[in-house]
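Asker: So the chains spell out like this:
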Amino acid sequence: MTDAAISTRKDMSERKLGMLLLLPAAVLLSLIVLYPIATLLFTSLHSVSNANPQAGEQWVGLANYARAFDDDRFWHSLWQTVLYIVITVPGALLMGLGLALLANKPFTIKWPVRLGLLLPWALPLVFCGLIFRWFFEYETGIVNDLLVRLGAEPLRWLSSPTLATIAICITIIWKSSSFMALMLLAGLQSIPKSLYEAAEVDGASKWQQFVEITLPMLRPAIFVALIFRTITAIQTFDIPYAMTGGGPGDATETLAMYIHKTTLDFLDFGYGSTLATLMFLLSLVATSGYLKYTRRSASRSGED
Amino acid sequence: MGFNFNRKAVVWFAAIIVAVNGFFPAVWIFLTALKTETELIKSPITYLPQAPTLANFETAFTAQPILRFMWNSFVVASLSTVLCVLVSALAAYALTRLRMPYRNLIMSVLLAVAMFPLISLMVPLFKVMRELGLLNTYLALILPYAVLSLPVCTLVMASFFQDIPPDLEAAAMIDGCTRVQALFKVVIPLSAPGVFTAAILAFVNAWDEFLLALTMMSRVSMRTLSVGITLYQGEFAFPWPLISAALIIAIVPICIIIAIFQERVVGGLTSGGVKG
Numbered sequence: 001m002t003d004a005a006i007s008t009r010k011d012m013s014e015r016k017l018g019m020l021l022l023l024p025a026a027v028l029l030s031l032i033v034l035y036p037i038a039t040l041l042f043t044s045l046h047s048v049s050n051a052n053p054q055a056g057e058q059w060v061g062l063a064n065y066a067r068a069f070d071d072d073r074f075w076h077s078l079w080q081t082v083l084y085i086v087i088t089v090p091g092a093l094l095m096g097l098g099l100a101l102l103a104n105k106p107f108t109i110k111w112p113v114r115l116g117l118l119l120p121w122a123l124p125l126v127f128c129g130l131i132f133r134w135f136f137e138y139e140t141g142i143v144n145d146l147l148v149r150l151g152a153e154p155l156r157w158l159s160s161p162t163l164a165t166i167a168i169c170i171t172i173i174w175k176s177s178s179f180m181a182l183m184l185l186a187g188l189q190s191i192p193k194s195l196y197e198a199a200e201v202d203g204a205s206k207w208q209q210f211v212e213i214t215l216p217m218l219r220p221a222i223f224v225a226l227i228f229r230t231i232t233a234i235q236t237f238d239i240p241y242a243m244t245g246g247g248p249g250d251a252t253e254t255l256a257m258y259i260h261k262t263t264l265d266f267l268d269f270g271y272g273s274t275l276a277t278l279m280f281l282l283s284l285v286a287t288s289g290y291l292k293y294t295r296r297s298a299s300r301s302g303e304d
Numbered sequence: 001m002g003f004n005f006n007r008k009a010v011v012w013f014a015a016i017i018v019a020v021n022g023f024f025p026a027v028w029i030f031l032t033a034l035k036t037e038t039e040l041i042k043s044p045i046t047y048l049p050q051a052p053t054l055a056n057f058e059t060a061f062t063a064q065p066i067l068r069f070m071w072n073s074f075v076v077a078s079l080s081t082v083l084c085v086l087v088s089a090l091a092a093y094a095l096t097r098l099r100m101p102y103r104n105l106i107m108s109v110l111l112a113v114a115m116f117p118l119i120s121l122m123v124p125l126f127k128v129m130r131e132l133g134l135l136n137t138y139l140a141l142i143l144p145y146a147v148l149s150l151p152v153c154t155l156v157m158a159s160f161f162q163d164i165p166p167d168l169e170a171a172a173m174i175d176g177c178t179r180v181q182a183l184f185k186v187v188i189p190l191s192a193p194g195v196f197t198a199a200i201l202a203f204v205n206a207w208d209e210f211l212l213a214l215t216m217m218s219r220v221s222m223r224t225l226s227v228g229i230t231l232y233q234g235e236f237a238f239p240w241p242l243i244s245a246a247l248i249i250a251i252v253p254i255c256i257i258i259a260i261f262q263e264r265v266v267g268g269l270t271s272g273g274v275k276g
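Here the protein sequences line up with chains A and B, keeping their order.
Here our numbering is used: the first residue of the first sequence is 1, the next is one more, and so on.
Here our numbering is used: the first residue of the second sequence is 1, the next is one more, and so on.
Treat the hints with care, since some could be wrong.
Subject to a maximum C-alpha distance of 16 Å in a straight line, what follows is the list of computed EDC-like cross-link-like pairs (lysine to aspartate or glutamate) [said to hold, decoys possible]:
| id | chain 1 | residue 1 | chain 2 | residue 2 |
| --- | --- | --- | --- | --- |
| 1 | A | 110 | B | 263 |
| 2 | B | 185 | B | 167 |
| 3 | B | 127 | A | 57 |
| 4 | A | 193 | A | 212 |
| 5 | B | 42 | A | 139 |
| 6 | B | 42 | B | 58 |
| 7 | B | 42 | A | 137 |
| 8 | B | 42 | A | 145 |
Don't read these hints as lab results, they were simulated from the structure.
Bound conformation, chain A alone (with noise of 0.2 Å):
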């Protein structure tokens, strides 16, 4: 057998292998996401009540999505986790940035700034909210207190639709910030320490050595953070769950809180599998995108 022959048989057997490896993945993904992604679309074109069992799945073609168009209520929880990605995101951003320079100093002691990230990202996002709800209290909370202390008039956080979405943003802001700033963190310490020397015998102040070395330097981790906040703000929940439960009325609500809503307590199969379909053409764009990025640098590393 020529050396050619053989190294062909070694790679069918290694594809073979692969194949194999791979298989456990696949099965679980075929039946926790491809699966259902499949029963989302059928069901979305169906009219399923749970609540009227007898009356069976009934094609129903882009009637629930035409149903969907003309509902306010998902308009306005469509805007509203819009609102909360475009306020969040950015905000989670600088605050996230700010906690990773001031992270990045050189601590003797390292475990209280390390724990002082890991601790909100480890908070279950529900507690997170729970949390916040007590610190917005109208009367005993400490928000409150403090704008008394500072000569203010306190304010009804939770029962003014502005108000209440500016608090839902402040706990996701402070929530996600700590993910940010542990990603970010790694993207700075990656950063040569040479380049600020460099800078620095060249007279460049503090201010230009972070615009001109530090963020560009950080470019592809915030990109990284930024995608993924994305993502998981598309699916916002828990918090506004466990802080207003949508309310008041159901101002704060997001796409996530309507589809289970409308799943669980109206019990509409049909209509909520629509609005799961439109959320997740809401994500595959931020998926997308963050795949695009991926693959470009990959083969910018010249991986194979």
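Mind docking chain B on chain A? Use the hints.
Answerer: For chain B alone, kept in the frame of chain A given last:
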């Protein structure tokens, strides 16, 4: 000298801001948990509890089966972690160490599918689990949670596997190991830190999840901790000292985990994110 002092002050200042920002909420609910309901409605509010009491912690254990919630969370989180780490280790190995056609494409597809927002699949997943008769069982959460952490675990382990010299594996195979044996006897033990990091990330993700847990487990005895905590609130009033005590009890396990493994977690989060 003055310059030195300033520099030190800046470092201290930075450390204090980061630590206070991270710890403040936990500290505040701890203080709240030590207060009585009557102290709570005082105006202006008190910062430190005037007559510290542990009664709220006692009530937290009796008002709801919080230890049961914790057990449920523990079972679901650890089993889904084992499943996720195993599945993603095999996938990461295939995609980094084997000569496979289209492996970058497969990796992208795997990540794209796994990054899918599970929330939008809540409805069909609920139906799948109902058809399989898995509602109110641990499996209803273990399977989706394994998928939840599949992308990050695969990325973390792939980045560790890549760093192992191929010669070591070849040597093991010359000694008579099969490829799969080499994976379990050489590659995985050598990437132990990576495997470990992936496991912690998967565990925390599963421990924190709320919406699927709320959807799949309607029986109180099957509730996980994140959902169980919301059961402490009354119909109209929020008994904050009691909720705070329950929250403190609930965050203790996760605090212990991150305190012990802090370096690993930081390293893992960053290698999964930035290299990915």
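Asker: Broken hints, numbered, in rising order?
Answerer: Number 6 - this is the single hint that the structure violates.
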